[in-house]
Every structure is written in structure tokens, then in C-alpha cells.
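4 protein chains.
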Amino acid sequence: MTTLAPVLTAADLNEYIAEVYPQIIEQFPGYDVHSIEPGHVVVHMRTDESHLRAGGTVSGPTLFALADMGGYACVLSHVGREALSVTTNLNINFMRKAGPGMLEATCNILKLGKRLMVFDCAIRELGNADIVAHATGTYAIPPKA
Amino acid sequence: MTTLAPVLTAADLNEYIAEVYPQIIEQFPGYDVHSIEPGHVVVHMRTDESHLRAGGTVSGPTLFALADMGGYACVLSHVGREALSVTTNLNINFMRKAGPGMLEATCNILKLGKRLMVFDCAIRELGNADIVAHATGTYAIPPKA
Amino acid sequence: MTTLAPVLTAADLNEYIAEVYPQIIEQFPGYDVHSIEPGHVVVHMRTDESHLRAGGTVSGPTLFALADMGGYACVLSHVGREALSVTTNLNINFMRKAGPGMLEATCNILKLGKRLMVFDCAIRELGNADIVAHATGTYAIPPKA
Amino acid sequence: MTTLAPVLTAADLNEYIAEVYPQIIEQFPGYDVHSIEPGHVVVHMRTDESHLRAGGTVSGPTLFALADMGGYACVLSHVGREALSVTTNLNINFMRKAGPGMLEATCNILKLGKRLMVFDCAIRELGNADIVAHATGTYAIPPKA
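Residue numbers (the numbering used here), protein chains in the order written: chain A, 35 to 179; chain B, 35 to 179; chain C, 35 to 179; chain D, 35 to 179.
Please note that a few of the clues may not be correct.
Because identical chains share one entry, a pair is satisfied inside a single copy or across any pair of copies.
Unchecked claim - Here are the simulated lysine-lysine pairs, BS3-like style, with alpha carbons at most 25 Å apart:
hint, residue 1, residue 2
1, Lys148, Lys131
2, Lys178, Lys131
3, Lys145, Lys131
Hints were generated in silico from the structure; no laboratory data involved. Note that the coordinates shown come from a computational prediction; the quantities given were computed from them, not determined experimentally.
Please work from the sequences and hints to get the whole structure.
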């Protein structure tokens, strides 16, 4: 299999994202890249009342944001500080309800090419094996200058 | 073709969404159901600096939220005040960059069954024919009590 | 909006596909590019007993093949004889059952870039307004030699 | 996590599919449910010249058929002989080319509800760790009589 090797640590990445994309931290203060391994990234997000929808469960846009930021962490951690990497496609299935609290997204790089990265991402309430939402997506990587 | 008939006006729907899902209005103050016709709904959202991502363009989570709220407007306007209708799947393609300003989502109901509604949604900058993002999704409708 | 202009006629395209991809014609003898307009392509496929699934309705793989060939017709008709254009993503919703007979796929180019084309496609039984299946997909276009 | 338990063996399932859906076996003679474990199913398919596309690689419709039959094997093996279970949505990413030969699809049930089953599926050339295609999909399960 294609060998994947991270080029940034979780601490590097958290610092970089706060710098280039402050809006996401403002909207989701609990966003945190938890761990990075070859081809795998784990991301956390703490949700509160402001992230809920009708019915009192975590909203779709919140879960999408976590999946999308999981993919962003995948591409940045393995390609480097390419802030302009952008999502081209994301497909998400919502499967179970989640209450406010800590969410964990476990993400895998399925393919890392020169121009595109494909990943998937399973979101769970921290400590609960049931999958709340599952996403697959593609990031476009800007050409090297 | 299956006949589709709205059961709520845009004014009804804006009032209802503000009541059952105040978080979305707080995060996206410019959210507005613009018009409702049989099988078709147009939704607006005004974006500002807080909705941008790295590179200064409207973020993926913001565009997702608009597409998802477009689907929500489709199901509520044609089924009634079923706040607990939930997205089960949403697939979105991001095609062009959008700057801050008014976004318009034109949404179509592709199928309205008893339990599921399928819709698509094209998002543009208001007054610009180019499509910024295109989504297809499914909402589950709660069974009648 | 980006101006789209076809560079091949439907007759050209049918001849070219039969030459570069004879397997599709063998599996789906009724495959036919019906019409090409700027940004829009209509494709037909006749199904028989061999294309049905359990329950006697047209199978998912058959509907997928029609959607995928609709996208192929979009890219070839507007870019030229680039047989090596390949699907990178396709999302399909199956909404209604179809019996054997003539299917019509109406396809739209949502974005035509240098490297990627995004399209959508609605499949109906010919002469019936109800949508049987709806797909959105992306083709990668090979770089010019 | 929800406990999943298969109710059919691979041998049972191969026999049942050949009976209720003979068309798939005719088009893909090498189709075979290889193994079934709680929440996991492995399916094989042998491809030859008839399954290739322009460029000499396995076609998109062939890979879709394998992913879709992987989902069908997931639902039938865990719910029982419900031939009329149907795909409602399938999203597939094509990542690498595959030559003719044996393909392996490893499928996981992400959620098994009363009415819907969500699964994912990674397709590889047998013995090669690189993923050729990855799909996520939903099957609707017919209500109990």
C-alpha cells in the first residue's frame, strides 16, 4: 500500500488551524486535533446548547463541520501547511442522535494523490461505540508553486 | 407525476423555524425562506466574515447548512410542522468559490413519500448564474402519531 | 455563466463510444446518446429481462450504468474524444421502481473545469414524469498531452 | 454497540441469491459471498475482458455492482431472506485502476435499523492492500408482513 507519513504533529496542526481558520474555532470552541498517525487522524469537538437542533440533538451542520475538519486535518497533517486545500465533495450519513458533549471523529486517508485526497470519517460520542454519523469526502490539494 | 402541494407559506415557515430551531437563526442571522411553490423552495442566507474559511471564501459548513436548511424547508412546507424530520443522507459538491454576501439556494423535491423525502439544491451567489455548490439529500419524516 | 459548447454531435459520440467502449454496448444494446445541447445531454437505454433484479424491476447496477454513461456523454460531447476520462465519484438515489422498457436520462453539466467535470442526471421511464433515479457525479479529464 | 448476528451462512446466501436474482450471476459469473461475520461480509467477483472499460481497466458499473451486491449480502445475511430489500442511496469513490482478475469487497454494517441498513464497502484487487473503490450506501428493508 502507498506509504503515508504525517509531516505535522497534532500540536502543530492545532496552532496552524487557529491561525488560518479562526472562524471554525469561534463557532466550535472545543475543536481539537487529538492524534495523528500514518493515514489516520482523530479529531474532537465539544458541543453545547448552541450546536443542537429541533429535538435537542446535535445538528447536521455541526456533524458536517466535524467531518469536514477531520478531512482538513487529514490533508494538512500529511501534505503540510496547505491552508487552501478545499473540499470538493462530501457525502454524510446521519445514523443516530447525539446529545451535547464530546464528539470524536476517527478519520482515515483512503487515497492521497498529488491533486486529490479521499478520506472517510466515523463520528461517535466519546466512549460510545455506536456510530452517530459517517462521512466520505474528497479534498483538492493546491498545485505546488 | 405525483402532485405536490405546499401546506405552509414562507412567512409561516420562517416563524416556525425561528421557534423550533433558534440556533440556526443565531448562527446564520440572514437565513430566510424566500418562496415556496409546489415541489420548489427558494432559501436565502446572508454571509459575513464569520462564515468564511481560509482563503476568504464562504466555508463548507456554511454551504452545507444552507443546503440542509433548504431540504428542511422543502419537507416542512409540503408535509407540515414536523420539526423532528431529520436528514439521513446529504451529498454535496463544492464547485466554485463564493465571497461574503447573499446566497440563494433553489431546491426541488425529487420524491415525497410517507417516510422519506429526497431533494436537490443548487446554491448560487444571488444574481450570478454559476453554481457554487450542489447538494442532494434525504429527510426522514416522523410517522404520524 | 461559463459558456458551454458541444464539440461532438450525438452521431459522432455514439460511433466513438461503440469504438472505445464496446463492452457497454454489449451489456446494454439499447444504449444511445439521443441529443446534445450546450450543457445538456439526453441518453436512452432499452432494458429487458436481463437488466432486472429480484422483484422484476430494473436493477441498481443498470441504473448506475445509465447515469455513469450519461456523465461520460456529457464530458466527451463537450471536451472531445477523451476516452480516458474517468468517474471519480458518483452518488445515486433510487426513488421509484421501473419496469423493463425504454429509460431516458437527462443530464446537466454543473461545472466544466480543466481537470474535473461535475454533472447531474435524472432517470425516468420514457414518457413518465416521475424520477426513477437521480445521480450526481464527477469525471476527471486527462491532462492535455 | 448494537449487537449484530448473522442469520444465514455464506453458502445459504449464495444459494438464495442465485435463486432470486439470477441476472447478477449471469452478468458476473464470479460473484461469490466469501465470508460472513457479525456486522462484516466479504464478497468476491472475478472480472474478465467483458467487465473492462476504455483503457482496459475494470469499469465503474462493474465496481458499483460489486459494492451494491456487498450491501445486499450485508442486509440478507443479517435480516434474512428479504429479497425485496432495495438500495435507496449509494455513493462511490473510484480511486485506483484495477485490471481483470479477482476483486474483494470487504463490507461493514454501520447501522442496522428496522427499516434501513447503512453499510460501507472497500474494494481491492485480491491480495493488494490499495483500495480501488470505496462505497457507502443504504438499503431499505421491507416491513414485516
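Check your understanding: At most 25 Å between C-alpha atoms: does lysine 178 with lysine 131 qualify within a copy, between copies, both, or neither?
Key -> between (41 Å within a copy, 20 Å between copies)
**Study point:** Alpha-carbon proximity between lysine 148 and lysine 131, which holds within one copy, between copies, both or neither at 25 Å
**Key:** between (37 Å within a copy, 16 Å between copies)
**Study point:** Same-copy or cross-copy closeness of lysine 145 to lysine 131 [CA-CA at most 25 Å]
**Key:** Between copies, since 12 Å is at most 25 Å while 30 Å is not.
The earlier numbered hints are all upheld by this structure, with none contradicted.
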